[in-house]
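Trainee: Each chain, written out:
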Amino acid sequence: MVRSQGVAYLFLGPWLLGAIGLTVAPMVVSLYLSFTDYDLFNSPRWVGFDNYAKLFGDDPRYLHSVGVTLRYVAWSVPLKLVLALAVALLLNSLRGKGQAFFRSAFYAPSLLGASVGLALAWRAIFDTWVDTPDHALLTIVLLSAWQFGAPMVIFLAGLQQIPRDLVDAAAVDGAGWWRRLWSVTLPMLSPVLFFNLMLETIHAFQAFTQAFVVSGGRGGPADSTLFYTLYLYERGFTEFRMGYASAMAWVLLVAIAVITAVLFRTSRYWVFYGDER
Amino acid sequence: MRRAGVVVLCLAGLALVSYPIAWLISASLTPVEDLVAHLRSLFPGRITADGYRGALEGAGGESFWTFLGNSTIVASGAVIGNVVSCSLAAYAFARLRFRLNGPLFAFALLTIMMPAHVTLIPQYVVFQHLEMIDTFVPLILPKLLATDAFFVFLMVQFMRGIPRELDEAARIDGCGPVRNYRYVVLPLSRPAMVTTAIFTFIWTWNDFFAQLIYLSSTENYTIPMGLRLFIDQTSSSSYGSMFAMSVLSLVPIGLFFLAFQRFLVAGVATTGLKG
Amino acid sequence: MKAHGVLGLMLCTVLAASACGSGSGSGQTEIRFIWWGNDDRAKVTGEAVRLFESRNADIKVSTSFQNFQNYFEKLSTEIAGGNAPDVIQMDYRYLNEYAGRNVLLDLTPYVGKEIRTADWNPGFIGSGKLNGKQVAMPLAQNATAIVYDPKLFDAAGVKVPEIGWTWADYRERAAKIQASTGGKIAGSTDFGGTEDVFETWLRQHGKKLYAEDGKLGYSKDDLKAFWQLSKDFRDGSATTPPELVTTLNAGAEQTPMGKKLSASEHTYDSLYGGYHTVRPDELKLGPYPSDSKEALGSYRKPSQLISASARTRNKDAAVKLIDFLLNDPDAGKILGANRGLPANLKIREAVAQHLSGANKVVFDYEKAVDAKLGDAPPAPPKGDGAIYKLMQRKHEEIVFGKKTIDQAADEFFEDAEQALS
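Chains as they are written, first to last, in the numbering used here: chain S, -10 to 266; chain R, 2 to 276; chain P, 10 to 430.
Any given hint might turn out to be false.
To be verified - Per the computed footprint, the stretches of chain R lying under chain P, defined by three or more beta-carbons under 8 Å from a beta-carbon of chain P, are:
#1 60 to 67
#2 121 to 128
#3 153 to 163
In case anyone wonders, no lab produced these hints; they're calculated from the structure. C-beta atoms are modelled at their ideal positions from N, C-alpha and C, and glycine is treated no differently.
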């Protein structure tokens, strides 16, 4: 490690500027707003902890949206990561043009993002499933898992960085395919795995656009796809209760931060960095 | 033999995964009157180019090429911004020792966890004061300032995977932190930077909400916005054109991906033990 | 490294390109006009605006448009961020969300003067009032209607919707149609979650959605009776199954009618164009069923309104543009029936001469029911937006069997009262 206070801040310059001007300031404002009743157009009115009290005491739809989001995270994150890893491993055993072709092909779904056209396609393909409360959430989980291209690409890049000598050495030692995977590849891949797990989890908690376009903005049917951020949006923008929505945002932030901290803590048991001595 | 098995498996997976895209393409070629029947099946009876004609003509007085150009400018700017600023910040977090490293990094991660909708209006106010509304600046400037902490984190993870022996070797050779960054870490981070470039391009290309908020004049609209001009539920919608534009929009980002994805092959077969 | 040089060059180009937003001239009054619609509306509105500019050399109008779904997000952000447009197209359901928060200019001083109202139906003007203040002017008129497929009615041997038919008639005919298609096509689209239908039904019973003081204008029993009505349709196999219930409020192509899964459906006549695009010349508009001889329930509703921002710095220019769009005969010719039946009656007659296709069907329908149309009530109070969604939600819970009508009604009233407070 190079000792370097001043140089560090040189490198961090742009990020610091952006963080302070475009992130910290708005975050502080939103924290303030969470203690107010703010209808977007007129001055905010201080209400103390009322918003937070209402969230946990008097808002069944809120608790319902928490449940929907938790279920979504529990289903979609593992599914997406397993798919991404499996396909990446598969592709990694191909070379050259073959790998390039399949890489692009499997990434194609992610190119569509959350476009309206895709939402309509999804509604057409899954037809009545999308409009039945018991199945609607599942269709969104599938939509998210279908776009596994991003973590897949990251896994691939990580796989490429694993020194071939290590893997080959293991093969020479007589290790079978599964053994090689478990003892060499996965540990070497663990930083990337950790990264993907973290980010996918964070993104899953914040999932908005897919649910928004597929359910037409309402989180229906019967609130079965009422994601946390969707409910936040409804309260803030369509009901003009931005103070309440800000409180929701901060609760989410704290929750995600806690979960992330837990993930970080437990990571020292299974993540192995190449730059450690 | 084994390779053939892998290829077959891949093809099967591909067929499954491509179905929705195939549906989209076929929808873009279906005449509007048949769209209803088409909702159930993949292959339309009749085919029409009306959708594409409408898409290329554009909406609101601007052609598809205008939207394309705008999307390209915004996405390219975002790519440059993210690649440069995030790699700089990531290097500081991953390799440089300074007192606030831990806390600042934690803070960077915190910024990823904030839902966008509540910081939207304060950010809008900032740009409103700078009189930058209805320009591309609010869409690109944040990227130049590494506000996409996702990529900072991505690069940090990659950089931490680069063996420190290389840094040591460089230091012995007399490299300070800046040259270390430029000649050792940066080249080896190519996969991470390419990944950043690709994701930034695609995510910015598809990012509808920020574009909706900051752009007002039709001539500044990007593709996701232009696309939505075709569907308005209070009047009549041009679904064919909307689907066609969705498909057309895939072309540039598909090409971008194809062009850059070969750099994902690190070329780190040597793992730099030779430096 | 060469790469850095290239990057630097690209950066400069991109920054330069991105700083080119829209320029502005000086010495002129500039106003911004924002509205929602599709490409056709963009064309005619653009033309009308340019005509306005040519007649008012000192006013420059920059326009912006979105589709309906995204319009209000953007509008709210702009207003909240201090960048409100000057002239704003408004929706009846959202009017008081904005007006009630002091965002719209009080046009009362201008009504009858700079905003001419000589050729207007006086009752119609009132639809843009809130607490005695004129917060918006109606742009065009529409009314509730039943859109139906005459072929299916004929095939089942039942009469098509006609003035004077009752809800019992509707249920019978719908059940017959549904039976005649073997259950594949529903006789009607389940209407229990649609506030617009509920309102029409309430008016037939002499009640209304909201009282003068902004509270609910109906009782729990009324709501239960209405939901029971839709349940009777379901029990009598006369309406769409639960999975189709949620699709009613999307564009025409997404509705059961648009997807050829239903034979008749509630709609607003101004939305007929959307149906016409996916099912050209197949569908017709008919009047609502009513159990009352005198009251049809439908009323002259403003399909859109036009208003000005309370924070505009160019009141006069904004008002001028509003008056131009509403009353100028040349503007009327250009705008045609794109936004619905023009509010100005003279312009409406002039436009009616040249109508064809979908617009003609709408015009003919309005003419046929005109005598029975009532005056619009004042725009719904703040919180109606939430109540509208609440009704959909509660109805979904009922049809999917998650709540009984009584439970849903109790919860509805609790939540509705909260929303209005």
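Trainee: State for each hint whether it applies.
Mentor: So, going through the hints one by one against the coordinates:
1. With 3 residues bearing a CB less than 8 Å from a CB of chain P, the region 60 to 67 of chain R meets the requirement of three and the coverage assertion stands.
2. Proximity of the region 121 to 128 of chain R to chain P, defined as three or more residues with a beta carbon under 8 Å from a beta carbon of that chain, is established by the 4 residues found.
3. Only residues whose C-beta sits within less than 8 Å of a C-beta in chain P count toward coverage, and the region 153 to 163 of chain R has 0 of them, not enough to reach three; the restraint is violated.
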